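2 protein chains.
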Amino acid sequence: MKYVYGFNEGDATMKDLLGGKGANLAEMTRMGLPVPQGFTITTEACLRYVRHRTMPKGLMDQVRESVADLEEQTGKVFGGEKDMLLLSVRSGAKFSMPGMMDTILNLGLNDRTVEDLAKATSDPRFAYDSYRRFIQMFGDVVMEVEHEKFEAILLEVRESEGVKLDHEISIEGLKRVISEYQALLKGLGREFPQDPWVQLRMSVEAVFGSWDNPRAITYRRLNKIPDDLGTAVNVQMMVFGNMGMASATGVAFTRNPATGEKEYYGEYLINAQGEDVVAGIRTPIPLENLDKDMKKVFLDLKKVFERLEKHFTDMQDFEFTVENGTLFILQTRNGKRTPQAAVKIAVDMADEGLIDRNTAIARVIPEQLETLLHRQIDPDIDVEPIATGLSASPGAASGAVVFNADDSVKWRDDGKKTLLVRIETRPDDIHGFDASEGILTATGGMTSHAAVVARSMGKPCVAGAEAVRIDYAERRMTIGDQVIEEGDLITIDGTKGEVMLGELPMVEAEISGDLERFLSWADAVRRLGVRANADTPEGARQALRFGAEGIGLCRTERMFNAPDRLPFVVAMILADDQTARKPILEKLFEMQRSDFFEIFTIMGTRPVTVRLLDPPLHEFMPSRSGLARELELLRTAKTMAKVNGDISTEMLTDELIEEIAGEGLERVDIMIEQRANMLEKMKDLFEVNPMLGHRGVRLGITHPDIYEMQIRAIAYAVAELIKAGKKPNVEIMVPQVAIVEELRIIRDIVAKVLLEVSDEYGFALPIRYGTMIEVVRACLIADQIASKVEFFSFGTNDLTQATFSFSREDAEGKFLPAYEVLELVKGNPFSTLDGEGVADLMRIAVERGRSTSPELKVGICGEHGGDPDSIRIVHGIGLDYVSCSPFRIPIARLAAARAALELE
Amino acid sequence: MKYVYGFNEGDATMKDLLGGKGANLAEMTRMGLPVPQGFTITTEACLRYVRHRTMPKGLMDQVRESVADLEEQTGKVFGGEKDMLLLSVRSGAKFSMPGMMDTILNLGLNDRTVEDLAKATSDPRFAYDSYRRFIQMFGDVVMEVEHEKFEAILLEVRESEGVKLDHEISIEGLKRVISEYQALLKGLGREFPQDPWVQLRMSVEAVFGSWDNPRAITYRRLNKIPDDLGTAVNVQMMVFGNMGMASATGVAFTRNPATGEKEYYGEYLINAQGEDVVAGIRTPIPLENLDKDMKKVFLDLKKVFERLEKHFTDMQDFEFTVENGTLFILQTRNGKRTPQAAVKIAVDMADEGLIDRNTAIARVIPEQLETLLHRQIDPDIDVEPIATGLSASPGAASGAVVFNADDSVKWRDDGKKTLLVRIETRPDDIHGFDASEGILTATGGMTSHAAVVARSMGKPCVAGAEAVRIDYAERRMTIGDQVIEEGDLITIDGTKGEVMLGELPMVEAEISGDLERFLSWADAVRRLGVRANADTPEGARQALRFGAEGIGLCRTERMFNAPDRLPFVVAMILADDQTARKPILEKLFEMQRSDFFEIFTIMGTRPVTVRLLDPPLHEFMPSRSGLARELELLRTAKTMAKVNGDISTEMLTDELIEEIAGEGLERVDIMIEQRANMLEKMKDLFEVNPMLGHRGVRLGITHPDIYEMQIRAIAYAVAELIKAGKKPNVEIMVPQVAIVEELRIIRDIVAKVLLEVSDEYGFALPIRYGTMIEVVRACLIADQIASKVEFFSFGTNDLTQATFSFSREDAEGKFLPAYEVLELVKGNPFSTLDGEGVADLMRIAVERGRSTSPELKVGICGEHGGDPDSIRIVHGIGLDYVSCSPFRIPIARLAAARAALELE
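Chains as they are written, first to last, in my numbering: chain A, 1 to 904; chain B, 905 to 1808.
Hints are computed from structural coordinates only; laboratory data are not their basis.
These numbers were taken from a predicted model, which means no experiment stands behind them.
Hints may contain errors.
What the hints assert, rightly or not - Cβ-Cβ distance ranges computed for the label pairs, FRET-style: (1) A:Thr639 with B:Glu1584: 20 to 28 angstroms; (2) A:Thr639 with B:Asp1558: 16 to 24 angstroms; (3) A:Asp577 with B:Glu1389: 33 to 41 angstroms; (4) B:Glu1167 with A:Asp577: 54 to 62 angstroms; (5) A:Gly487 with B:Glu1584: 29 to 37 angstroms; (6) B:Arg1445 with A:Thr639: 49 to 57 angstroms; (7) B:Lys1546 with A:Glu659: 20 to 28 angstroms; (8) B:Glu1584 with A:Gln578: 43 to 51 angstroms; (9) A:Arg629 with B:Glu1288: 43 to 51 angstroms; (10) A:Gln578 with B:Ala1266: 44 to 52 angstroms; (11) A:Pro766 with B:Lys1053: 56 to 64 angstroms.
What the hints assert, rightly or not - Here are the simulated lysine-lysine pairs, PhoX-like style, with alpha carbons at most 20 angstroms apart: (12) A:Lys752 with A:Lys582; (13) A:Lys642 with B:Lys1542; (14) B:Lys1546 with A:Lys642; (15) A:Lys310 with A:Lys336; (16) B:Lys1542 with A:Lys638; (17) A:Lys582 with A:Lys681; (18) A:Lys638 with B:Lys1546; (19) B:Lys986 with B:Lys1023; (20) B:Lys1730 with B:Lys1128; (21) B:Lys1196 with B:Lys1207; (22) B:Lys1079 with B:Lys1068; (23) A:Lys149 with A:Lys164.
From the three backbone atoms N, C-alpha and C, an ideal C-beta is built for every residue, glycine too.
Bound-form chain A, shown alone:
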């Protein structure tokens, strides 16, 4: 078994075996770039080590051979006296992985060779400093002694010599450090090995072992990197940037990783080793200065820039060292970049002809676009958050703290920007969402009311910031000792889930320039249509700005929740029968018609899919426990009033006191009766499992007048637009269908209404009829369903719940985190579509649906529609479009393009 490859034996394609760093070192060797020679121990060797906890048989023999080759190539001797070969040992997995053991430099030095080195280089400072560094690194990463213990020794020596910086320490001082380091290790029972071969062997083992350290495992889990890759180990001849003023070390990017500009970007230090750049003790010099410091090296470096980019056809991030005026490249890799830079580099490289447009599309990860689409806190600002919560809705916002929705509106009307802070929010807070810049809640998860509404409105939201304690009565919140009063300014970052004090500077988002061109390339490639979920005119406009081709989900219940409508909705629910509901529905009809008219007008000829009322009615009602509590308080107040002769306000809430308005017991009696009545009615609405209850089409079947009102509102809006010469493109969608006959009954209502409205206007209304596919049974009988509708739209949130038999709300708060930790699920199935169960049902539904109706249009709406991995799956299933929240439209456009490129 070959475990060791010389750099001259490999190439860039061998990343699986040699790791990313090793493969690129080999590739650069092939290119003839000045790479310090060395060899790579394979990932295979690592895996064997991890599996058996012992070095693979024959490995060290191969290492010895390779060291011998290296000695031959370089004319130096490992552990030798003159021209001694010192080595660096670095880990190098297929994917760059923080948390693993990284680097050991100067390996080969010991108490004897350090003196040889001092003589050979005539630079004892250099030699003893190198040795000191080596022991410290080796002690830290191989022998696992805390870094602080070495620093303490250094500090003590610096103090005793009265100097401030390490490189000011005298040679004698360095010798003292070295001996105290060794004493430290010995004292801990971990003697520093003098034998270079032992040093090498232990270093290789340490790299192997670090594959399985907890930080590395966590990183792999978070980044979905498989556990069975292993890491390679690169053993390389040391070159020294700290050999004097003709030596230097630095890092360089072939383009600016922050902006994407094509410019020489990087920094260096004269007379330094790599770790000095990282340690931040000396301030590195910008790369363009190298032109002055080392003219020839700079010219060599420019050539390296050209050759690396041309060869790897991507922006490179490389390390270099100049040893006595000679340039060495120590490693190169594709450089990490900001989202903005990712887009610019991809577009520029395509324009330069370095890559084609499809490759450009593959260069940007869809999720990266997210931060480009929301207002952000100026990235140059660095402020500590005072609290953290869930990243419930992305974007950043600043404003004055208010604690209820009415105040948001009041303050907004006074021209003030507010942030709405609540323990949790409810439908009757919705006007506060609209009036404030963002929302912060102390409780609630990713699907809490606050989170869902904020996302759909594109308002930044941090939810479930548990450290936040809110006192509504005192209009005050506290975070630890920090007290924030109403009106104090705070900033939230919904992308990161952070809360900061004060108003921070922001950077606005827009789709223009490079991003616009980039997305147009994606549009040209993708097969999936991209629509938006939008319930309001603002949402529709936002969707268009981000490139939506239509609205795939317009939820009518969001309109119901508006503060001017909610009282009518409540009245509608409390009405005993159709007769009582009729006048209320008339009012709601007028409101919905004008809502629809506005949204259809904005969307022009693009399709708009309107979903009929979906949630159970009790969702629109005030909280039962709140009502019950008020009732209890009022009754107690009454009882006590009998004793005291007066209404004691001591235990009443502000709202109740206000409502009593000093009118006395009669008023209290009325309030008691009104609340008792409402509670009684709400008993009928109570459901044990609201998710599986009386909602969607089931509501439409038992309350056909509500659906008819909505259908009528849609029909009139369409008719008015046609009359005005427009061409609205509207689809009516029925939610929660499980039984084919449900669709027939609602279709009869649609047909009746359309006929009536057509007759009134004298022209036909081209409104299509379709259904959500969000119930398991609907997937199974999709062949029957397809005969009743013109389109399907998957509701994969509900479908996921039904397929797993766990509700999102309950799962995310309870066992799903444990499931993710135990790796029972590959990520949260509510974020990324379950590729086995749910996708299988979808495949069945598409197959059966199209068996009846080959031209059936099939889409997906809901959060999965904006998730790149899910988009890849639904592309594979053969859907026609995805629909997602406006802010995820660009992500979906890119993800759809990448799916098309990868799967076809």
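Following the hints, put chain B in place on chain A, whose structure we already have.
Structure of chain B alone, referenced to chain A:
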């Protein structure tokens, strides 16, 4: 198109075309039995009429031809003067159908022919009475004039003549009735037609039209009879049982339809027409008396008995008429019979060699067995119920009313039988179920706690008897004006959902004699195994008595609910972590081990499938709103005590007053704190959709120590039995599995525990490992799941909920009734398996599961397992066994046999 068949043209196989009655009349004609001749108009003609609302072209021509044939055969003339042919017209669908127009007799009479008839028969009374009857029947059923209007005229004439009975009316009186009948019809604009052909045509149309009358439609819906069968019309020569003392009319059964005994059974009236027997004015004479009254006819009739049974090989119910000493058979059909008779007749006929055993099996409808298996109220007793509710759990019970579970126990210990009456029940009432004879609740549906627990324990239960008002404080219930105090005796009939006053006599159930033999025949035929759902030793014994081959579902949570365990379960739930839970689990372990030991002992070598804990933990906790209410009351009491200086007990409940026990405010403070703490903990347990929450294997994953305790209890019980030389046959079943890894994690626990216990005892524990398949995703990944388990058991209640996305509890209380009325569902999918969606998923699961593991054993547990239609479906899917409540075991045995006979 041939629409009309003479009786001599058809046979018994032509029921689709000629209806049941027509086909049997033809058959009897072929047999040479004395059938008054006639013809049948086909169901096809009816369907055309119903479709086009007009008589099919050519139909009346064919009728005329057939009447001509009839005239030729009989030598009589339709509408003629002497030897006039009078006709009867009767409907006759394929299935007997109440609610349809039935019979018109004496058709052909009019003002002229009645006089001819009077002359020809020399019996004017007979003639005018026949005419009077004809007009009345015709007016009622053809012309749709209320029956009461005719009766009023009859009454008036009787009164004016001073007689009491119709046949005492004078000839003149009859003539007056006739003319007033005709005047009545004319006055309503519906003149009585004198033309016999018009009479015939209108009668046929009336029969056709009655196919679509609301009562007939409702009947078809209830009995699952298709709407597109239509009815035939039988036109038959009249024969007269009312021609004097040598004439008679009667009905006969070839065996006793109540007991099944082989004896001459029936009754007759001398000198009467058929309707007189039905009308109940004269008391018919038992058939055995005919031997004395009409010796020759009796001998003829005996031959008819023999021939009919031999020919039709089933018990026949037939009508006969004797006209002047000549016997005519008017119709025959398979006789309806009681469940008891059904079994006896089937067994006897097989013993007699009349039918084979498979035919015998097909002769008893499985549901019929239900009433044979529960104690019933003596069927001879006729008492009006004082209230009705849902038939929540079958069987009848009497006892003294008590209003709480503790009283049930107390009274039982005093040797008294009680009925537990509650507004609703909770898990902590379970000891009351055990102690009482039956349960009555005022609220709750078929899946309420009371209903489910009662069914599983085989206790009669009437649930949701809404008229019952319960006052716990006064220990009293009222139903309307009726007041029932604690200790008063009542009887409930859980089969019918009725509540009666007093203690009624009962009839006990047992499986023996005919039923035992009958079921053993079914056992020989069926392919499906039949197991019981049983959670207690009593349940296990009951299951064995009813013939269960094992326990397919032993729910451990039922054991948790026992009153001696619930406090430990609550403590277990409230414990903060595994350390705190440990000592509590030790206690529960001891209890569960002895439970299992007892059940396994009873079941011997038969398989027992134990399901690990399934329901969410909060189900074991007291009600949150109850706790909150107590807290509120205690706090109010405290506040008021500050004002008054004394604890006012005015507003406290009895329980709270008792708990305070006069100890004052300190005690109240402790009670407040204790309740506040418990409420706080319960907040964490709250779930929005408990059905989709933290339960089943998800609980096992997050609380592995609870599952481990249960597994250990099972393992020790098995080990102890093996040690005692027994061969227990135990299976561990994991509920709610959605992800294959869940099974791996629990299997690791099982393996660990079994290894430990095996080591301790020194022998292997042959316990099998399997899973419920009740989550949609589990069906889809059944191929993966099958590699981890030895058996599947479908939980089709949960699977149905997930497939339809509606919860049983919420659906049955809200929209499911409307769905059944609108025919959106064919019956309640929670009672009978959904043959489309859910069955399709099951098919997928079985197919995929067996693709991995061809020998995989697959069963179904839960209510569908005892439903005959569902059993038929799962037989078709290829399951190995069903498991159902003990009382449905015999039904399942029969249904499984019938499925095997029908499908193979």
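Taking the hints in turn, this is what the structure says about them:
{"no.": "1", "hint": "A:Thr639 with B:Glu1584: 20 to 28 angstroms", "result": "holds (27 angstroms)"}
{"no.": "2", "hint": "A:Thr639 with B:Asp1558: 16 to 24 angstroms", "result": "holds (19 angstroms)"}
{"no.": "3", "hint": "A:Asp577 with B:Glu1389: 33 to 41 angstroms", "result": "holds (39 angstroms)"}
{"no.": "4", "hint": "B:Glu1167 with A:Asp577: 54 to 62 angstroms", "result": "holds (57 angstroms)"}
{"no.": "5", "hint": "A:Gly487 with B:Glu1584: 29 to 37 angstroms", "result": "holds (33 angstroms)"}
{"no.": "6", "hint": "B:Arg1445 with A:Thr639: 49 to 57 angstroms", "result": "holds (55 angstroms)"}
{"no.": "7", "hint": "B:Lys1546 with A:Glu659: 20 to 28 angstroms", "result": "holds (26 angstroms)"}
{"no.": "8", "hint": "B:Glu1584 with A:Gln578: 43 to 51 angstroms", "result": "holds (44 angstroms)"}
{"no.": "9", "hint": "A:Arg629 with B:Glu1288: 43 to 51 angstroms", "result": "holds (46 angstroms)"}
{"no.": "10", "hint": "A:Gln578 with B:Ala1266: 44 to 52 angstroms", "result": "holds (48 angstroms)"}
{"no.": "11", "hint": "A:Pro766 with B:Lys1053: 56 to 64 angstroms", "result": "holds (57 angstroms)"}
{"no.": "12", "hint": "A:Lys752 with A:Lys582", "result": "holds (18 angstroms)"}
{"no.": "13", "hint": "A:Lys642 with B:Lys1542", "result": "holds (17 angstroms)"}
{"no.": "14", "hint": "B:Lys1546 with A:Lys642", "result": "holds (15 angstroms)"}
{"no.": "15", "hint": "A:Lys310 with A:Lys336", "result": "holds (18 angstroms)"}
{"no.": "16", "hint": "B:Lys1542 with A:Lys638", "result": "holds (16 angstroms)"}
{"no.": "17", "hint": "A:Lys582 with A:Lys681", "result": "holds (19 angstroms)"}
{"no.": "18", "hint": "A:Lys638 with B:Lys1546", "result": "holds (17 angstroms)"}
{"no.": "19", "hint": "B:Lys986 with B:Lys1023", "result": "holds (9 angstroms)"}
{"no.": "20", "hint": "B:Lys1730 with B:Lys1128", "result": "holds (9 angstroms)"}
{"no.": "21", "hint": "B:Lys1196 with B:Lys1207", "result": "holds (17 angstroms)"}
{"no.": "22", "hint": "B:Lys1079 with B:Lys1068", "result": "holds (18 angstroms)"}
{"no.": "23", "hint": "A:Lys149 with A:Lys164", "result": "holds (18 angstroms)"}
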